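Engineer: The residues making up each chain are set out below.
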Amino acid sequence: MNNLFDKRPRLARSNKVVSLSEAIDEIRNGDVLMMGSFVDTRRPMAAAYEIVRQQKHNLILLAQCSLAEDIMVGAGCAIAWRGCYTGIATFGLSPATLRKTEAGKFFPDEIGHLDIIYGALAAMVGSPFVATRATLGSDVLNDQLDRNRILIDKAGNKAMIPKKKFELIEDPFYNQGLVKLLPAMPADAAIIHTQMAGEKGTARISGSLAFDHYFVHAARTVIVTTEQIVPEEYLRRDPNRNQIPCTAVDMVVEIPWGGHPSQVMGYYDTDIPFIRDYVLSARTDEGFERWVGEWILDVKSRDQYLDKLGASRLEGLRAADPQGYRSRS
Amino acid sequence: MKTSKVVSLKEAIQEVRDGDVILTGGIVENRRPVAASMEMVRQKKKNLVLIGTCSLSDDILVGGGCVEAYRGCYTSNGAFGISPNMKRRTEEGTIITDEIGHIDYCLGLMAGQAGLPFVASKTDIGTDVLNPAYDNLSKTAEVARDKTMLPNKKYVLMEDPFFGMGTIQLLPAIKLDVCICHVQMAGEEGTVRIDGSLTFDHLGALCAKKVIITAEQIVPESYIRQDPNRNCIPCTSVDMVVEVPWGAHPGQVYNCYDMDIPFLQEYAKMCATQEGFDKWAAQWIFNQNGHWDYLDKLGVSRLEKLRALPPYGYVPRNKGGVK
Numbered sequence: 021m022n023n024l025f026d027k028r029p030r031l032a033r034s035n036k037v038v039s040l041s042e043a044i045d046e047i048r049n050g051d052v053l054m055m056g057s058f059v060d061t062r063r064p065m066a067a068a069y070e071i072v073r074q075q076k077h078n079l080i081l082l083a084q085c086s087l088a089e090d091i092m093v094g095a096g097c098a099i100a101w102r103g104c105y106t107g108i109a110t111f112g113l114s115p116a117t118l119r120k121t122e123a124g125k126f127f128p129d130e131i132g133h134l135d136i137i138y139g140a141l142a143a144m145v146g147s148p149f150v151a152t153r154a155t156l157g158s159d160v161l162n163d164q165l166d167r168n169r170i171l172i173d174k175a176g177n178k179a180m181i182p183k184k185k186f187e188l189i190e191d192p193f194y195n196q197g198l199v200k201l202l203p204a205m206p207a208d209a210a211i212i213h214t215q216m217a218g219e220k221g222t223a224r225i226s227g228s229l230a231f232d233h234y235f236v237h238a239a240r241t242v243i244v245t246t247e248q249i250v251p252e253e254y255l256r257r258d259p260n261r262n263q264i265p266c267t268a269v270d271m272v273v274e275i276p277w278g279g280h281p282s283q284v285m286g287y288y289d290t291d292i293p294f295i296r297d298y299v300l301s302a303r304t305d306e307g308f309e310r311w312v313g314e315w316i317l318d319v320k321s322r323d324q325y326l327d328k329l330g331a332s333r334l335e336g337l338r339a340a341d342p343q344g345y346r347s348r349s
Numbered sequence: 064m065k066t067s068k069v070v071s072l073k074e075a076i077q078e079v080r081d082g083d084v085i086l087t088g089g090i091v092e093n094r095r096p097v098a099a100s101m102e103m104v105r106q107k108k109k110n111l112v113l114i115g116t117c118s119l120s121d122d123i124l125v126g127g128g129c130v131e132a133y134r135g136c137y138t139s140n141g142a143f144g145i146s147p148n149m150k151r152r153t154e155e156g157t158i159i160t161d162e163i164g165h166i167d168y169c170l171g172l173m174a175g176q177a178g179l180p181f182v183a184s185k186t187d188i189g190t191d192v193l194n195p196a197y198d199n200l201s202k203t204a205e206v207a208r209d210k211t212m213l214p215n216k217k218y219v220l221m222e223d224p225f226f227g228m229g230t231i232q233l234l235p236a237i238k239l240d241v242c243i244c245h246v247q248m249a250g251e252e253g254t255v256r257i258d259g260s261l262t263f264d265h266l267g268a269l270c271a272k273k274v275i276i277t278a279e280q281i282v283p284e285s286y287i288r289q290d291p292n293r294n295c296i297p298c299t300s301v302d303m304v305v306e307v308p309w310g311a312h313p314g315q316v317y318n319c320y321d322m323d324i325p326f327l328q329e330y331a332k333m334c335a336t337q338e339g340f341d342k343w344a345a346q347w348i349f350n351q352n353g354h355w356d357y358l359d360k361l362g363v364s365r366l367e368k369l370r371a372l373p374p375y376g377y378v379p380r381n382k383g384g385v386k
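In the order they appear, the protein sequences are chains A and B. For the first sequence, the residue numbers in my numbering are 21 to 349. For the second sequence, the residue numbers in my numbering are 64 to 386.
Simulated from the structure, these hints should not be mistaken for lab results. Hints may be right or wrong, so weigh each one.
[What the hints assert, rightly or not] Simulated crosslink set (DSSO-like; lysine-lysine; CA at most 30 Å straight-line): (1) B:Lys272 to A:Lys184; (2) B:Lys202 to B:Lys360; (3) B:Lys332 to A:Lys178; (4) B:Lys272 to B:Lys342; (5) B:Lys150 to B:Lys216; (6) B:Lys273 to B:Lys332; (7) B:Lys109 to B:Lys272; (8) B:Lys73 to B:Lys273; (9) B:Lys107 to B:Lys332; (10) A:Lys183 to B:Lys185; (11) B:Lys109 to B:Lys368; (12) B:Lys73 to B:Lys332; (13) A:Lys183 to B:Lys216; (14) B:Lys185 to B:Lys272; (15) A:Lys184 to B:Lys332.
[What the hints assert, rightly or not] With the Cβ distance kept under 10 Å, some of the chain A side facing chain B (calculated, not the full set): (16) Asn35; (17) Pro182; (18) Arg261.
Computed from a predicted model, the values in this text were never measured in an experiment. All residues carry an ideal CB built from backbone N, CA and C; glycine is no exception.
Starting from the given sequences, assemble the full structure and let the hints guide the process.
Structural biologist: Structure (structure tokens):
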């Protein structure tokens, strides 16, 4: 349809399995980036830590600004954001995002919850826009809060950002009155974390897919981090249980506990004290620096991170059947 | 509150009203709700507006005089040639056809299931889909019982205001009165599990006011919900569930049975004329006990030869090395 949404030139790899640092090397400063899943569920946390470790900057985040994103905002990796949600569920507003926004160092551009779904859906199928009535009458359409121009300025690849945030027209087909034309939400890169992936990139998610099955088709480069890499042949025996086709995936990284401190259904539950500590620390610059030093910059590898957490702490989070999470009783 | 949605095929099809805009699930000869189509012919439905493809389960409706208009992108029975009833009726000028693109069908359903009035696309630009001489949308709307199910116009062209893609087509959502899908497995409350390609059933079910599921097997909801990631249509979208073993014969159902090739060849030959179709229908559709008589007439030995073999999910020509 248009090379705007085409994949970045494929990395010439016969094997897509790479290390986390190799995968994150492919993220460029100024990239428009989608981080998979939402809030504190199945977040690509290890990948977010690695982005901080590699000191990426000027990233533009899409969709939401929750646990994984807030750490990147606090560390100065992200400069702007287009999405609909800036909280960490019961832990309150995303603290670093709140602080940086109030200080004028971070530029959020708000769209509706449904807009992120429709925007990703449009990008997935290669449509430049879709029509919706969601957000009519809300401040999402308020000119004074429109930061589309800032997103264009900051983006490394200007083609990823639409020329304007929306347009209103009369519905010519079903007499729905005024409708909003909502531009597609393509991304330079998407990173998702899944329970399982094959070495060629086929991925299997348990529980909610969130929007990951859209995001991987909306992004030009796709990185899958996964709890376990299993033989492709095993996953392909039950193709109806897989959601991400290998053709959409550029790199696969095995990271056990790669979603910690978020929850991964069937594997482990939320590390509540850990997130609480993060949220309290990240309220101030000093607190955030201390936290990021302790858990990211002074920790050389994901293995070292897991050892620092300790087996007894992690085993306390391990999911139990049949809930797929840690039941209280 | 009654939670079981299980009804008989006759009861389910009684809910289809003359003039409904209808989609039958699956694609070409794969997982088509053929038993449901035959029941519609039996109940002499009229003035249906058919959406999507006009293959096996749709062509039977056309032959049976149930369909007055068709909006879609494909009118063939795979390897068995152009859908014979559709071809004949079109040549006679006794059916309204309004062609859209293949991708229009997918995007239209995608828009419909998300509640979007339209989406932008470039896929038909430069084709006769946009030729006003072939635009039969308004004639199609005249057939529909509820005119609001069809858009006011087929498309609108405009300049893409966002990404500089030039002239693009605004494509209206597809809306359906009824969607009928045939699947491998459904729970008694309507949760659906499909094996193999979903085709567009997961989209169509969310576009329709009324959803009828015919299934090879009805299983306990508690069983099907043990692995929710394997399910494709939520029970909240489904109105009626009917257990119809071999309900897609002579088409194929992955993991259950393969195509009945001689049957499809015979259908293609006989339906070259209306008399031929009527003869075929008298033999296979108009019988005392509907689908059960149909199965008895086919016979167990014929059906058993079609039963799918693991791990292929179909009948390979070379069974386990034995020809």
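Engineer: Go through the numbered hints given earlier and state which of them the structure violates, listing their numbers in rising order.
Structural biologist: Of the numbered hints, 1, 2, 3, 4, 6, 11, 15 and 16 do not hold.
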